[in-house]
Amino acid sequence: MKDYFFQDTIGKPMDRVDGRLKVTGAAKYSAEYELPNMAHAVLVGSTIAKGSIKSLDTKRAENAPGVLAVLHYQNAPKVPGYAQAAHPTEPKPVGQPLQLFIDNQINFNDHPIAVVVADTLERAMYAAKLVKAQYNEEKHATDFNKNTAKAFLPTAAKRNPKHPLGDYVRGKEDAYKTEPLKIESEYVIPTEFHNPMELQSIIAHWEAADKLTVYDKTQAVMGTQNAFAKDWKIPVENVKVIATFVGGAFGNGLHTWPHETAAIMAAKKVNRPVKLMLTREQMFTMVGYRPHAWQKVGMSATKDGKITAITHEAIGQTSSYEEFTESTLQQTRMMYTSPNVTTRYRILPLDVSTPIWMRGPGEATGAFALESALDEMAFVLGMDPLEFRLINHTDKDPEKNLPWSTKYLKEAMQMGAERIGWSKRQLKPGMVKNGEWLVGYGMGVGTFGANRGRAKVKATLHKDGTLVMQSATTDIGPGTGTAMVQIAAQNLGLPPEKIVFELGSSLYPPSPSQGGSATVATVGSAVHAACQALKQRLTSMVAGNADTSFKGATVENLTFKDGYVSMTASPSARLSFADILKQQNLPELEVTEESTPDASLRQKYSMYSYSVHFAEVQVHPLTGQIKVTNMVSCADAGTIINAKTAGNQMIGGAVGGIGMALTEGAVMDHRFGRYVTKDLAEYHVPVHADAPNISSLFVNKPDLINNPNGTKGIGEIAIIGVAPAIANAVFNATGKRIRELPITPDKLI
Amino acid sequence: MSSDKFPEKNLPEEENGPQHSDARRTFLKQSSLLTALALAPSAAIKAAELKFEEKVAAVFEQVKVTLGINGKKHKLSIEPRATLLDLLREQMHLTGTKKGCDYGQCGACTVHVDGQRVLSCLTLAAMVDGKEVTTIEGLANGDKLHPMQEAFIKHDGFQCGYCTPGQIMSAVACVREGHADSDEEIREYMSGNICRCGAYPNIVNAIKEVKNGGQRV
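If you read the protein sequences in the order shown, they are chains A and B. Under the numbering used here, residues 1 to 749 are what the first sequence spells out, in order. Under the numbering used here, residues 1 to 217 are what the second sequence spells out, in order.
If we strip away everything but chain A, and leave its shape as in the complex, we get (with noise of 0.2 Å):
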């Protein structure tokens, strides 16, 4: 915080207004206030995958020591929200979030069919031990192999043909199958895991019959608010959601889940605050994962390398109860020149839970298959992939027909190449050796719509010259706060000392969810805008002075520094925010202002972030065993606001992806239904010795179409591309190509 210019803070690498919180354990997650009086609570799930509860035994739990209440769906409170069927004989309504505790169905695996609620944890926990049931079991199907003949269109496309999932024809459909020079090939991406640090935690708090407080691990503090008030059929200002700091997420925070819920009924019923954390099993199958994937692309190209025509098909899984959907053949509509291009997106539903976007959705596992594909074709035609993708390289949109808002994709593919040393590479596999180890180069490239909302920010200038602006965004993680603060004290010209950004709260003006990588365009113009409207009051209150030096003052002629107004023609006439405050005797001066993007930019130009990942592998030839040795990670993202938690993110990205590519992938055993990995030492996420030094660089060009800071997101395109690029070198390094991730040994020896 020493070393920037306050007029130039925009890209410093600015440490984190919160880091000190976050070092010092004084930032507190969502299962970490103190409320008096709070209850405990544990969830029990369901230990068949489908049919009905024949009998539940919760006399033991009820009578262990401490226990309070021990719900389910014969005692619990209703929720008055929850759609009726209209005659109990119909069957429930398709494609909604699991209802808890409604009835005796049980639609997956830990299924929720009890919470336990008692005056500790210890006591909680071990009375949901004791809580036993019976079951009706009917035959499951979790297999996605046995089942993809029940993959379907989902229904937004069958409404209309023209939705971005419904079947998509550019040129001729499946021009590939007539080409002299082509390839085809199938991907599969097993079920994957957010798995943030911390587990879902709520504490839920009705303050009277119709007040709910919540401390909720949420991305979207307006969305819970919502989902709450409709729940409980309560005013929506009377549900008040906290979620100062969320640690981690990747898009299990997006959707209310029945935990939530279980915590809020438990608290109704006895009647005090109720903490309920998931244990780690429970984050495998009750908030959402990445959805089991097969893909398949066929691709043609003419011998000098253009690309004829793409087909990329695509089945995803989804539970059986709720249409569970993402943009997993996006990329391949835009990325690419072909004049052909052919996508078929259906969903496969299982007796699963529902799936949810999880960091890069849709696009990282579209991704794989067509990035992986290219380096296929490039292979095919004996060409450098990396010149493939130049040659094929799109400079307008050819899905939209519309010019790109701004794209820099081919800077960012020679910064990377550059730095990872790209002319090492030779075409054939298996040339490179490192000892006996044999090593390999391989890239993918990733995209990402450069996404922006409507949000709300109101700021407020104090008379002692400080500025504290809020807004109910939240901050997973990528540095929220400290990016408003960089561009809060660029465009109000004061130090970043002197402001402070407040979220996380639903009391504050409203903001969309931190996902999709729209915050920072989203919230970061609505700061601007405040900004912009704090200088016109300022400049309004020094133009209308008796001391005449600000005579005839506008917002362009004056110079807004340090928290100092001056005359930018005269210098010398030069007065502090504070003492303007001061003289108009206001003990503050406060805005609130909304940014709303503009739509007829979005008719005229496609909007889209970028990222080019370049990745050195080494393979044991023995053991097949991997290493990535070297990553670099570029990105077109528009203005970067904070170099340091940008590349942060980016590096983030990249070791997600090396799990993606590498360790990470559920096992189920099919018997049960059950996920045999649900732990971190049975699903590997990666660890400090899998990541190795990771570059990320950034083309850092504005995009002024897209929003006044000229910001696209990062946050997707950190790990979109990633998975591809470690796989193509693997096949570089060996000449195996690995289409199924995770990239285990066995599958290379």
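Just so you know, these hints were derived from the structure itself, not from any lab. For every residue, glycine included, the Cβ atom is placed at its ideal position computed from N, Cα and C. Careful: at least some of the hints might be erroneous.
As the list claims (entries may be wrong) - Ranges between beta-carbon positions, derived for each pair: (1) Ser570(A) - His93(B): 54 to 60 Å; (2) His670(A) - Leu122(B): 28 to 34 Å; (3) His179(B) - Glu237(A): 50 to 56 Å.
Since chain A is already given, all that's left is putting chain B on it; use the hints.
Here is chain B on its own, set in the frame of chain A:
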């Protein structure tokens, strides 16, 4: 090491945790109930026994321990099945120590016990009787951050911050143990601490800086 810094004999005493319970006495008072039950019909006895058995257990389930936490001595009455992690978080309200898995697989709950890094989720609180526990809240010297905390901020060795206390407690121990001599060694000896945000390279840089800075950790 914290145990050197705060030798036990100098520990100020504090009884701000759960108080010694009077449950045993209550049990003795109520024990005449046993006789009454013996005369009741068998079905009632069976039901009552079920509950009574639990009550008996509840009475004896508290154990007394004395432990130092961040330089303060605490006399506590705890359940023998309570983990050190849950004692810290739920009873002492020291929530800087994080629960990430409860199985010793993620490292988020790392604390120091007599100066050694320990997974508090795999440690029963009763096992640290008479020992000195240092948590992330006790690492700084008042307002002055520990060099490892400073280095984590400088190198941005975190994103969401949830694994950070565990990473820092492990990192301090890693340097003290002499396992921070190379990037590879740091990665190996820090691999018990998972960071799902993936800030690993920055964490390694922070540890290297502290190690090379030569400050006392």
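Each hint tested on the structure:
Look at Ser570(A) against His93(B): about 57 Å separates their beta carbons, and that is inside 54 to 60 Å. At about 32 Å, the beta-carbon gap between His670(A) and Leu122(B) stays in the expected band of 28 to 34 Å. For His179(B) and Glu237(A), the hinted distance range of 50 to 56 Å is satisfied, since their beta carbons lie about 54 Å from each other.
Every hint, counting from the list given before, is met by this structure.
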